[in-house]
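J.: Residue-level listing of the chains:
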Amino acid sequence: MSIGVCYFPEHWPEERMEADVERMADAGLEYVRMGEFAWARMEPEPGTYDFEWLDRAVSLIGEYGMRAVLCTPTASPPKWLVDEHPGILQEEADGTTRHYGGRRHYCYNSEEYRRETRRITEKLAERYADNPTVAGWQTDNEYGCHGTLRCYCDDCAGAFRDWLREKYGDVDELNEKWGTEFWSQTLNSFAQVDPPRHTAADHHPSRLLDYDRFSSDSVVEYNRLQVEILREANDEWFVTHNFMSHDDLDAYDVAADLDFASWDSYPTGHVQVQREAVSNDELRAGNPDNLGLDHDLYRSAANAPFWVMEQQPGDINWPPYSPQPGEGAMRLWALYAVARGADVVSYFRWRRCRMGQEQYHSGLLDGDGTPDRGYRDAVDAASDLDELASVAGDDADGSSLSTPDADVALLHDYDNLWALDIEPMTPDFDYWRHVETYYAALRERSVHVDVVPPTAELAEYDAVVAPTLYLVTDELAETLTSYVEGGGELLVTMRSGVKDAYDKLHDAAQPGPLRSLVGADVEQHESVPDAMDGTVVYDGREFGCRVWNEWLSPAEEGAEVTGRYDGTMADGTPAIVRNAVGDGSVTYVGTWPDSDLAGAVVGDLLDRAGVETTDAFPAHVRVSRRGGLTWIANFGGDSMSVDAPADAEWALGGSTVGPYDVAVTDADPASLTPLSE
Amino acid sequence: MSIGVCYFPEHWPEERMEADVERMADAGLEYVRMGEFAWARMEPEPGTYDFEWLDRAVSLIGEYGMRAVLCTPTASPPKWLVDEHPGILQEEADGTTRHYGGRRHYCYNSEEYRRETRRITEKLAERYADNPTVAGWQTDNEYGCHGTLRCYCDDCAGAFRDWLREKYGDVDELNEKWGTEFWSQTLNSFAQVDPPRHTAADHHPSRLLDYDRFSSDSVVEYNRLQVEILREANDEWFVTHNFMSHDDLDAYDVAADLDFASWDSYPTGHVQVQREAVSNDELRAGNPDNLGLDHDLYRSAANAPFWVMEQQPGDINWPPYSPQPGEGAMRLWALYAVARGADVVSYFRWRRCRMGQEQYHSGLLDGDGTPDRGYRDAVDAASDLDELASVAGDDADGSSLSTPDADVALLHDYDNLWALDIEPMTPDFDYWRHVETYYAALRERSVHVDVVPPTAELAEYDAVVAPTLYLVTDELAETLTSYVEGGGELLVTMRSGVKDAYDKLHDAAQPGPLRSLVGADVEQHESVPDAMDGTVVYDGREFGCRVWNEWLSPAEEGAEVTGRYDGTMADGTPAIVRNAVGDGSVTYVGTWPDSDLAGAVVGDLLDRAGVETTDAFPAHVRVSRRGGLTWIANFGGDSMSVDAPADAEWALGGSTVGPYDVAVTDADPASLTPLSE
Amino acid sequence: MSIGVCYFPEHWPEERMEADVERMADAGLEYVRMGEFAWARMEPEPGTYDFEWLDRAVSLIGEYGMRAVLCTPTASPPKWLVDEHPGILQEEADGTTRHYGGRRHYCYNSEEYRRETRRITEKLAERYADNPTVAGWQTDNEYGCHGTLRCYCDDCAGAFRDWLREKYGDVDELNEKWGTEFWSQTLNSFAQVDPPRHTAADHHPSRLLDYDRFSSDSVVEYNRLQVEILREANDEWFVTHNFMSHDDLDAYDVAADLDFASWDSYPTGHVQVQREAVSNDELRAGNPDNLGLDHDLYRSAANAPFWVMEQQPGDINWPPYSPQPGEGAMRLWALYAVARGADVVSYFRWRRCRMGQEQYHSGLLDGDGTPDRGYRDAVDAASDLDELASVAGDDADGSSLSTPDADVALLHDYDNLWALDIEPMTPDFDYWRHVETYYAALRERSVHVDVVPPTAELAEYDAVVAPTLYLVTDELAETLTSYVEGGGELLVTMRSGVKDAYDKLHDAAQPGPLRSLVGADVEQHESVPDAMDGTVVYDGREFGCRVWNEWLSPAEEGAEVTGRYDGTMADGTPAIVRNAVGDGSVTYVGTWPDSDLAGAVVGDLLDRAGVETTDAFPAHVRVSRRGGLTWIANFGGDSMSVDAPADAEWALGGSTVGPYDVAVTDADPASLTPLSE
Ligand SMILES: [Zn+2]
Ligand SMILES: [Zn+2]
Ligand SMILES: [Zn+2]
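Protein chains in written order, with the UniProt record's numbering: chain E, 1 to 677; chain A, 1 to 677; chain L, 1 to 677.
Hints are computed from structural coordinates only; laboratory data are not their basis. Keep in mind the model is a prediction, meaning the values are calculated, not measured. Wrong hints could be hidden among the right ones.
The list treats identical chains as one, so a pair stands whether inside a single copy or across any two.
Claimed, not checked - Calculated pairs, SDA-like style, for lysine to any residue (alpha carbon to alpha carbon, straight line, at most 25 Å): (1) Lys167 to Trp80; (2) Lys177 to Pro46; (3) Lys177 to Phe51; (4) Lys123 to Pro44; (5) Lys167 to His11; (6) Lys167 to Asp83; (7) Lys177 to Arg354; (8) Lys177 to Glu15; (9) Lys177 to Trp80; (10) Lys177 to Asn317.
Between the sequences and the hints, there should be enough to build the whole structure, so can you do that?
T.: Right under this line is the structure:
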């Protein structure tokens, strides 16, 4: 558990380098990431290389007892390279070129660019293969950022045709799987398939979904090309990638080629971009579940402690608004990341940059080199982590405190995300917000959650929560049935079992292959605007529901009805059912519940599964377990208190947790109760 | 009066075909429409045809006592055809190609595509010319849907130049009629004219209006090409087209080549797309005037009973929201269509499709083949219509109940729509909503209305309502003057008589050629935002007005002032005038009235014209007359009651009409009074 | 001081010409502007000229005692010219051509178009060189209107490279000044630089800022080409240009080549386009500060009385809404323009045009040739100005009443505008609205203001107000320091001293080179949404602040804290400081103040500077001084009264000023007090 920083030695006069590195070490930092946009500095002209500045930086980092993380610089090829190979530029769906001028100006499927990528990666790998200060590598930078995951150029057209040939073998197989009989879309050859370019009417959803998969696979392939070169040069290096967008790229697939996943965490930015309405507290510190879902996803993706490769250090340049973060928030974010399973939290950037596109992005130091607010928080975080490691006892390899095995799996899947993005069927449906509704219900009860795809091994979990399991194959249905029969408690929600793996409706009524497991059919579904928000009676109490309603019909000797719509057109119609199957049971929620209803359903699920929980904490307070300790993080602007056992020992803070503060105790989570404010 | 369905035999295994057809017959259906997107199935490879599947479907339909409506498949040419003739694709105004991938991917002016169209149409016409089961044809499908009515490609450029040559003969004539002296737009030859492609500043309105006319004419010409081939093959076939968009295509012009018009009616979709705010009742059942205006337009367009070629069967895929329709709404829509003059109402589609772009569109059967909510309503509608036909006595030819002659004409015109779209002059002006304001005022009084262009024969009508008669020629002014002098009652509203036929201002002040008829000038006009909503005093009462105010100035010995603005800058200025001319009179309303003011003005007009009316019904209840019967349709979610004569006989229901229900009585409309709820 | 009109003789039959000109003279008009869109009439075919219609118009204007202002017709090249030289069309950043069809369809950097421009300008200059009726010229028309100031075509690419070569000499100099090390943007040659075309990520701000400067310079160069030809033909002609957009084009640079600046004033249009919320009064008459800022800018730009070349004559076609202007508003606008320093106010247009893009734009005459509301106001304005000139005594040259020397300079700069547009950092920051906040604070106290760039000579001003002086060089810092040391009172506001001349952050903390002058640093800045609106305590009173907060830190022995944030996260932190330097002092305001706080700070500044002020007038009333008279303009819909000395003489009106009216008195402004309404 340690703190790092992202450093751009190429941005500053070389004479400042040693003072900067010394100061990093003084601050308690252990890792320094470098080089991800420095291609033009590394190779100022075609074939002319200059690595001396980087050699020196690595060398100083080693001298001061830290380790370097290097990056391949492929996210920003120099202009001379683009001018030599203009075909590497991406194209929009309407044919417009995405020109040079920002970053990420290359197509993953350009053979020319793959060649250039190999060349520079090999050069770097070779140069640092024997350098003991270099701990490992980050490939490229934030694949897909700025909407660059999907490209519509001719190179992509060719690669897509190859990808389809590989997947379907015969074009008639594709015709059948996609269902091209609709609107005369039958294809006579793979050569007839283009990227889904601009059309007047909608594209075929099966074609779009395969294009989304192909696009993600293109990045996986491109990334693997780099990983292999780096591994070959030095197999003790770790290789990771810093994820940013969690939308267009399948993080599970990329992570399979990495030693661990890392991601770039900007709490006040994400929360503004990913939500409709944001509170002032969230503008100051972000939202713990908005953050936590990503922490848990990237931890689960590689089944390993993750890194926050870039941690917000203060005010930043890209969200609509950038209020100053709350006092201590930069420390809170680091400790909370560790609580959720991070090994290293690396602030971005060392020093505010005086030039270029990110001048309004703060650093640990201000532009004039004086410590900024983030610096003080980083020093505190480093010192706290040292202290906590000594209390908790670090792992054998010295790099990690263990996280507990999760009792609950939250199923999440990129195919589902993409398919639902293609057919959301209402402007108000958002896959991530639906998933987060259930994630929050678990986390407010202090449950430790793995975020895994439906293909994960489920047997180890006491309960499995599967929000909107949209695409379901017979195989998946069998897996889930076995899980429940074996005593698992499964929660499945609205819009599950709708489609097959090719984004076609199942022959059988929804939930398709899950019908016998769920013990009920979806008779009707409807999307509704806010003005039609409804009510569900569950367990004798009234709750709110919205966005999407399914009218459920239990099979004979099928599921038990546990919730019904109340007072609208669907008055009395089943909305929530539970079906006992083997030694377990499955609950199906056919609407989008308000947070209280999600909490009630999830609470009952956890009870049945025998998962230990706490009372529900308020939305801005989250309790985590790591290294045998209990971490209480307060993302609110006011203090909050917990009722803790009298003999609780506090490794950090105490039972009243200040604003944007963290307390750590040896008391068991289940022994803590939130005190009302 | 009968019920039909749209069927896609090519989407299902052939072995299911007979069971499906049998079930249709059992449900009481009489017509089955097929084939409109099946080109790739009919001609899987260039020149290789396969019609056997369609032969068999037609044959089964005949065997089970029904009749087939076939379609030309030209709305979705196969990919092989597009690859052979990439020039058939349309272009956006900015030059972007509208690529293959959805539907309607062809330009009406492509000679290559017209050749291909002729080929497939002749092939089909020839094959089914002697088949007694085929009742007639639908050409193509929903011309102009997805914004494809206007194309900006080079083929269109050439065709537009020819169209202009034909219209103007000499380029100097065009220069004068358009008024190209403005901004140096004088042309030296027709070859200098391009489609109105992307510019920095606005285009010349006269050029835009002619491009709109040209675009509509291109479709008329393209459609006629198909009609002629079909008529030549079998002159007993009817030929129709299913209109969808009522915006870019002149339905009157297309209908002139058809036996009758049909249209695709999706009540909960249209109401969301065509209005700003929608009530929950409208989300469940649509709005009767939003629907009725189209029913009456398409009935009037061919002066013949129309078909609803596609009738919404339940939840649908394309509006923002798709709540489940109200209980019985699918039956309500069918009966209401018949009440407004439909002969056949054909549900779209037989069965929910498992693949492609419309998986979220319901059918009479669900995807698994079980009856859905629409099926039950369709069966009821078929049975009700049988019953009503027996009560009312069907027409001699067995196909139609007569609709009464309308007492009132509502003038509507595409040239006006397009010209006002080019120069709306405020974001709040919407031609259709303005027309609908007056349509609703007529229909809430149970008046039967024809929706016709200003060129229609008006003498037969007791009253004529002309909302925003924007383009007025001397000839039209004379027609209207003769109508009024002959005893007609004419209502003309704001923004009338503004422009000549070329979208140029008249020399004379507004209302231009209508000045002496109206007996007043428009001194000033203004557009106003909501914050400037105003008041008009009419007949001693205060009403609201909005969006557009004209300050009227009666001529000496001209019109009488009947309404004045009150309390704003224009306080006391005439807003509404009436002018007695010959044996009739003309009323001019110089602002956008609220519904009460529209009702008061229209009520007075009808009184003067001696048109029989009812008291005003609430907005969700409409009374129609057909086949000697009075049809009361309730689009609301609550029951409503009418006060009817004691001896009224009820052919359907009774004097209390349930939610989404219809009652039919022999009582005269004028004998009915809505009871307050 | 006189009234003119814009006239299009080419739009009307030649037989009407004399009647029109006679009527202009009768109305008291003195100038007639013509010809700015008449290229196609002047040169109907390549090389064939027709100036007889224009000769005749000029001749008649002379006969009736008026003078003509002619225009080069280059804003709208004819279609034959575009077809001969299609390369003159501009391109969007995404490569889309801006086609022929509106106006301004040419690229300033097209050598072909410059050749054509020279040809037609020389032809015109030669023809009218000896014509005594022609007083002077307007070049082109509204450069940059419709977003045409910036073009992304290949001609511009080449010209941009030349411009950079000229500016930087060596590409390494450019690399250093821009800071291209960021994101591998280092350039090896000028040939590598393209216009900032469409990219996925943001462009480099330094590149964007130079492109903005280059684009403005391209117009300066293009305009100079015309000016030189005209000056050479007759050096007694004045040459001006009618500015419209005050955003993309540096008016100071263009004005340096002109005899005086003119601009096109549409009060009800500007106020809707440039503000978020508009009151009904503003919809009827505009806002006096929104107008006044432009009047003062264009007067200051050429340091000469300006013209309103186009004055709104009534309702107009281009804003969202066009309510009828308030009664007398067209006269109000003319008199207010004169009060702010206009010599000639020329209404646009003589007569509503029957054809083309501006049919919904009124004229002094209506389309039928009858006087419209604007005509009556224009006649009154002409007569009032005659009367006032006789009272005040006209200047020696008979053309101008002197305006007083301004006591206060408001610093304004296009580089700052552009740089802040590139990095606004919150959707709520608007440079012009921030400048106007301070302009209003000065003007509500009846202070006469020059609007000048920071490079202006400041010594003559008692106080200087510098809102958001974003880009600050050492040289500018020295200038401002000298000004303050010499006894000047300087007000600098938030976001000042942030960047160097190349849009790079300074090494030193903000306010960079202004630190020692201001005596404080900006410790932090933050952008905040409305929900975070805050409070500042200044002078013991609470005021509001919003959008942007800077946390100030006075240097030791530096500035005195005069305002502090209150009640938020920054509670108690300095928000406003004042620093005594030499004989003067500098105030720094680190947030966006509400109007009361701006007023309080500005009021204190004026007190210290000894500038004579009035009490604050309400926002719709403004007091100006010209020709030794005091002009009170009331932009409100209600009368307002002033308390004036008993012996005040009223040259126009009296101490109660009606709605949309103006009163003029010999009393000193400082002797007037607004009476509460
Ligand atoms: Zn590509
Ligand atoms: Zn076309
Ligand atoms: Zn250009």
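J.: It remains to establish, for every hint, whether it holds in the given structure.
T.: Here's how the hints hold up against the structure:
Proximity of lysine 167 to tryptophan 80 under the C-alpha cut-off of 25 Å is restricted to the inter-copy arrangement: shortest distance 22 Å between copies versus 37 Å within a copy. When the C-alpha separation of lysine 177 and proline 46 is checked against a cutoff of 25 Å, the pair qualifies only between copies, where the shortest distance is 24 Å, while the shortest distance within a copy is 47 Å. Taking the shortest Cα distances, lysine 177 and phenylalanine 51 sit within 25 Å of each other only across copies (23 Å), while inside one copy they are farther apart (51 Å). When the C-alpha separation of lysine 123 and proline 44 is checked against a cutoff of 25 Å, the pair qualifies only within one copy, where the shortest distance is 14 Å, while the shortest distance between copies is 53 Å.
For the identical chains of this complex, lysine 167 and histidine 11 are inter-copy neighbours only, at 24 Å across copies versus 46 Å inside a copy, given an alpha-carbon limit of 25 Å. When the C-alpha separation of lysine 167 and aspartate 83 is checked against a cutoff of 25 Å, the pair qualifies only between copies, where the shortest distance is 24 Å, while the shortest distance within a copy is 35 Å. Proximity of lysine 177 to arginine 354 under the C-alpha cut-off of 25 Å is restricted to the inter-copy arrangement: shortest distance 11 Å between copies versus 54 Å within a copy. Taking the shortest alpha-carbon separations for lysine 177 and glutamate 15, only the inter-copy value of 20 Å comes in at or below 25 Å, while the best intra-copy value is 63 Å.
For the homomeric pair lysine 177 and tryptophan 80, the shortest alpha-carbon distance between copies (20 Å) is at most 25 Å, but the shortest distance inside one copy (44 Å) is not. For the homomeric pair lysine 177 and asparagine 317, the shortest alpha-carbon distance between copies (22 Å) is at most 25 Å, but the shortest distance inside one copy (45 Å) is not.
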